[in-house]
Amino acid sequence: MEQESARVVVDLGQELAAASLHTGGALWRLAESGRGLDANLLRLPPRRTISEHTDLQLDVLLIVLEGGGELRTEAGTQELRPVCALWLPKGSRRSLAAGVDGMGYLSVHVRRPGLTIARPQGDAAGEAACLLGQVCPECGRLATERAARFCWSCGTALEG
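The C-terminal position of the sequence shown is numbered 160 in the working numbering, with every residue numbered one higher than the one before it.
A few of these clues could be false.
To be verified - Between beta-carbon pairs, the in silico distance windows are:
(1) 4 to 133: 52 to 58 Å
(2) 38 to 157: 54 to 60 Å
(3) 59 to 159: 58 to 64 Å
(4) 92 to 148: 55 to 61 Å
(5) 101 to 34: 17 to 23 Å
Calculated directly from the structure, the hints in this document are not laboratory data. C-beta: ideal position from N, C-alpha, C; glycine also.
Input sequences plus hints: build the corresponding full structure.
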């Protein structure tokens with residue numbers, strides 16, 4: 001696998017300047033393949049909040065880039081202003097509130113694993129279903145319905 005080169009991936013100031021002050025949500029996302037980090041440039045419009053929540057999986061680093069607001073935790077309220085860095089440890093309860101000028105910030109954390117569909121481990125899946133009674137003894141095709149009495153392909157009576 002070829003090593004990627006270090007490079008500038010975005011001008012955060014330009015991204016913030018190009019978006020309306022009242023535009024909320026993600027303005028930019030790190031999308032490089034093979035990355036180990038997720039990073040998002042976000043804007044919280046003036047006087048808007050992100051309600052109290054807890055991330056049980058990830059530590060998050062937020063860096064305020066423009067505007068300001070408040071970080072609210074069980075320990076109290078802290079003022080946020082440009083170039084403040086916030087560490088939000090996993091398991092901590094927090095909420096954010098933007099001030100009158102809104103708040104633009106960068107969020108960085110270890111890449112969240114994608115959702116995967118996996119079989120249950122070991123015996124958790126139980127015993128596999130026996131479908132032998134639904135297999136045609138003549139042509140070997142599997143019945144399309146559990147209650148089928150005859151093969152859908154050749155018409156032979158099923159043994160199940």
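Hint-by-hint comparison with the structure:
{"no.": "1", "hint": "4 to 133: 52 to 58 Å", "verdict": "55 Å, holds"}
{"no.": "2", "hint": "38 to 157: 54 to 60 Å", "verdict": "58 Å, holds"}
{"no.": "3", "hint": "59 to 159: 58 to 64 Å", "verdict": "59 Å, holds"}
{"no.": "4", "hint": "92 to 148: 55 to 61 Å", "verdict": "56 Å, holds"}
{"no.": "5", "hint": "101 to 34: 17 to 23 Å", "verdict": "37 Å, violated"}
In this structure, the one hint that does not hold is number 5.
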